[in-house]
Every structure is written in structure tokens, then in C-alpha cells.
Amino acid sequence: MANPPTKPAAGRAGMKKELPEHFKAYRHVWVYVEVERGRVHPVSWELMGEGRKLADKLGVELAAVVLGAKSPELKQVVRQTYHYGADICYICEDATLAEYRNQPYTRALTDLVNTHKPEILLLGATTLGRDLAGSVATTLKTGLTADSTELDVDDEKSLAATRPTFGGTLLCTIHTLNFRPQMATVRPRVMAMPEPDTTRSGRMVWHTLGMNEADIVTKVLDFVADAASNKANLAYADIVVAGGMGLQNPQNFELVKRLAATLGGEYGCSRPVVQKGWMPAERQIGQTGNTIRPKLYIAAGISGAIQHRVGVEGSDLIVAINTDPNAKIFEFAHLGIVADALTVLPALTDAFARRLGVRALAS
Amino acid sequence: MHIVVCIKQVPDSAQIRVHPVTNTIMRQGVPTIINPYDLFALEEAMRLRDEFGGRVTVLCMGPPMAEDALRRALGLGADQAVLITDRRFAGSDTLATSFALATALETLGKEHPIDIVFTGKQTIDGDTAQVGPGIACRLELNQLTYVAAIDSLDKAKGEIVARRRAEGGVQVLKSKLPCLITMLEGANTLRRGSVQDMLRAARAKVTVWSAEDAGVGDLLKCGLRGSPTVVKKVFAPQPREEPAEMVAVEGKTPAQIGDAILDLVFARQPKLEAELTA
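For the protein sequence lines, the chains are A and B, in the order given. Residues in the first sequence are numbered from 1 upward in steps of one, following the numbering used here. Residues in the second sequence are numbered from 1 upward in steps of one, following the numbering used here.
In short, the hints are calculated from the structure, not lab data. Cβ coordinates follow ideal geometry from the N, Cα and C atoms, glycine included. Watch out, some of these pointers could steer you wrong.
What the hints assert, rightly or not - Chain A side only, calculated, beta carbon under 8 Å to chain B, not exhaustive:
(1) Phe23
(2) Gly134
(3) Thr138
(4) Thr176
(5) Phe352
Said to hold, decoys possible - Computed, partial: chain B to chain A, Cβ under 7 Å:
(6) His19
(7) Leu139
(8) Gln143
(9) Gly168
(10) Leu173
(11) Leu177
(12) Trp209
(13) Pro228
(14) Thr229
(15) Val234
(16) Ala248
(17) Pro254
(18) Gly258
Produce the entire structure from the sequences given, and follow the hints as far as they go.
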């Protein structure tokens, strides 16, 4: 062993990286492209944009991994992977992959990694991506960083994955030094959606799964699609208004909803509001809730903890209303108002209603 | 049925404070709780036990003080509690944690074979959702994550039907025991522990295992040494380079403040104004 076993473990972060010989052949950046019922989850394209940057920085290729049952839609997805930046598309078509199940998907992705040896593997932090990434990383006995909010490669070509830590109170940067591939998941909307280039093309590499339906224990009996009407679409809304503990009680969230309705936007809240039971979890904005990238984000009575900041930083314009001039939210807002949200929200709603109403009548 | 619920003791996140200068967590005096998501797992486990018979064991990895969390679970109605605690587990990432827990589960299963392992969907301090799948993978348990409801359980056939939260809908899955289930929030309502359970919990003995007691043979797979990930730095983000433009509020009526904000919003986002008034 290079290091005597008595060396204190705490020194590991500064330890010189010595990648074991058998990992040195691991090259290229991979993105798992999540396809469910013929549709690609947008987070996969967001990751392709990010993966392209990492691959260019490393001087390697970007590959997409597409798993599913044989269908015309899947062929279309393969073409799209090139448009979003893939040089290679690894594809595994098998009837057992028609719907997501942990067992065959873990097998397919693990086999592909073991065969083609990527240095970086990125997945969306969706219910599917997290289910799959945890199994694949454990099977491969490698490092996996969840919910990364920033990805980069350092001078030693090691993946630096930054994420909130300690319940979202600080950020930390995590590396997988001596194992490959270096794996990370990223939540939807954290990375910007790249523009597809329909002139791009790439090469396709086939993979055979070699599993029978009889080998797979879990069966999908049914898929019950969510009713479209009652779902909040915070992540993709152009305008979002959210309230925090500064609103003092659940009734005052009517003020947030009214402003959102006036602007034709969505409403949301900070994490403590959900923990208090004032709003359902689907309305939560921040690292463990929805990441948003609206054109306008109005935060009322929200202090701006790191776990909230990472979920809203992609917004074009952040307007913060808070009585505390030292609130963290003013460190990343574009416009700040030191005042009581309970007074400002109705005034702002009236101002917008007047302006939009007048314009609407005039046109 | 032998059902094991893996729980974690976490700091009450509402009360975590960061030292403004050193960027370290100030742990002193921060109360600890059972990870809230794990309570949905515990309740579901107890519900199955009450219906099908058997026992619920709660398993926790953590410092010696995590015994409090296990005692609380006993007070809520769990039958047996095991704490695996060892300095050599310190610094474990999710891969090393799933190794230690999976090994302890194997040891527990030798006494009474385990039918179902439950965990919460994730913890509120790490938020990774990786340990559950890690355990399932190591023990080759059928993995059912983000379960919103268990529709049915056929003990004789060893079959289970569960509803799993997926993107854009719910998968109804039929699987077999033994399995690992990570429970979604809101899946059930936690019972209040009975007086008998509270009294029993106060007197009950929490089994405390070292790495060796838990059956861990390879200590290189534990703690920092068994963790492929390395935290290189912990930091607070810098304020945005361009500071926020503060809207003057002094001596203004709410209506004037409202107009001032609106003018600044539209000045910075002229396209938005056009879209809204279109």
C-alpha cells in the first residue's frame, strides 16, 4: 500500500490522487437519457448541455445512453441525442425495458459501463434516475453525488460536483478520486436547456441485454398518469411568486396566490412552510423541492437559505421582499425591498392589475 | 413476518445554524429527531405487522446518542431496536453506509429471516436517497422506491403490490418478498404510541453492535476508507457580484412602492411587459 494504514483518515481530502491502473482506461462523458413511455425527460437534455461542456474541457467524447423497447419513438430519441450534443449513442433495445424497472435497467446500464468504461456518468435526479443511479453505483462500487447544482472538472481532470450539504445550509464540492466512473445526479431545471442543433449527427453503438422476462421479478401491472389539471407546473413557469415564514400564517398565502393569478404565474413556498404543513410539498421551491428558472421570481418573506438559493438562481429576475435588511436573499436577488410582504404583496398586485388592465383595454 | 425499518437520527433542520466565520455547523444544543421520512416507513411496517403478525425491528447506524431515536421508535410501537455504532464507521458516504447497514441486516436475518426492509425516501440532512437502493442492491432485495401505498400483500405467495411514484404518474408494481421499500411522505399517518409502548420503551434494552458484532469483516469498506467520494471543500456561496438594487420605501405609500417595483421589473424585463399586456 502506498500509504501506511496509520495515516489519519481525515487527511484524505488532500491526499494525492493515484487512480488504480485498471481505471486509467476509463474515458468519455456519458449521460443517461431517460425515456418513459416514448418521451424524454427534459432533464436529460439539460444534462447533455452540461455533459458537452465537461467533455470539451476534458477533450473527450460525449455519449448518450438510451434504453427502452424497440419503437419508432426510440429511434427518434437516438437522433435527438446527436442534436443535443452526443458524439455516440449507446442503445439497448429490449422488450423487458418497455417500462422502467430497476432490475433490467440496472443490468443494462452496468453492463454498458463495464464494456465501454466511461469516466463520468450523469443521470437526472428524478424518481427514475435516483432509483437507477443508487443501484448502478453500488453494483460498480463507485462514488455517486446526488443533486449536484454545479459540475466542473479540476486541473487533475477529476469531476467536481457541488451540492448543498448539512440540510442545505452550506455547499460542498465532492470528488470521486480513486474509482470510475465518477457518477452524479442533477435535478430538473438546475442546468439550462441547450439549443438543439438538428444538423449534428453521431454514431450508434448497439448493446444486447440478454435477459428474459422470466428473469425479472417485478412486473408493471398498471401506470396511472397524473391528472394534468391539478398539478403545479412550477418548474417550467415563466412567472413564480413564493412566500416564506415571513407571511406568518397559512391564510396570508392568499396574497401570494392572488399576485400569481394576476400575473398568470404559479405560486410556491419555501421549505419551512411545507414542514409547517401550510402548503403541500409539490409547492416547495428549493433544492429538495422544485428548481425554477422563470423570467420573474418574486420571493416574499423568504430568508434565502442556500437550499432555496440553489433552486432559484437560474431565474432571470429575482425580486425579494423581506423586513430584514440582512436577509441572505438580498445577496442573490436583483431587486430588493426591505418592507413587510403583507403590505407590499397587495400593493404590487393592485399595481400590476391596474397596469395590465389599462393596457389590455387600450389594445 | 420480520420487517426491519432503517432509521436515521438527524438534527432538526429548522434549528441548524452555521458559524458565520468558520462555516462550520454549530451542533451544540441542536435537538435531534428521527428523520421525518423514516416515520412513514415505520408506520407502514407496523401496519403490516398488525395485519399479518410478526415483528418490527428498527435499525440505526450512528453515534451512541442515536439510541434516543431508537428508543423513540420503540415508544411508537416497534418491537426491537438495534444500534450499530463504531468510530470506524465515521465519515461513511452512502456506499460505505449501505455496506454497514446491509451487513447488519444480514446478521439480523440469520436469527429471523427478513421479509421486508423499509427506509424513508431520503434523509433531510443528506438528501441523497441513495442508501435504500444501495442496501437493496447489496442484499439482492427487490427494490421498490418512492412507494405511496401498498395495495396488497400475499404472505403465502410472498407477493406484494405497491404504488410507486414515477415521473408523470404512478406505477403499480407487483413484486416478491424479500424486498426493500422506500416510503414516500404522506403515505400514512403516524400513530401515537400507546402508554404501554412508552413504558416498555423506557425500560427496553437497545441492542448496541460494534462493527464486529454487526458482522462487518472488511473494515476497509467502512467509514472514510470505504467511501469513494471525498468532500474537498465546504463553503458558503458568495453574494452575487452585482448587488441587489434596493427599492426606496422610506416615506412612500404601499401603492407608490408597488408602482416603483413594477416600473423596475418592466425596465429590466421589457419583453415580459409585452407578453403580459399582449
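Of the numbered hints stated previously, which ones are contradicted by the structure, given in increasing order?
1, 6, 7, 11, 12, 16
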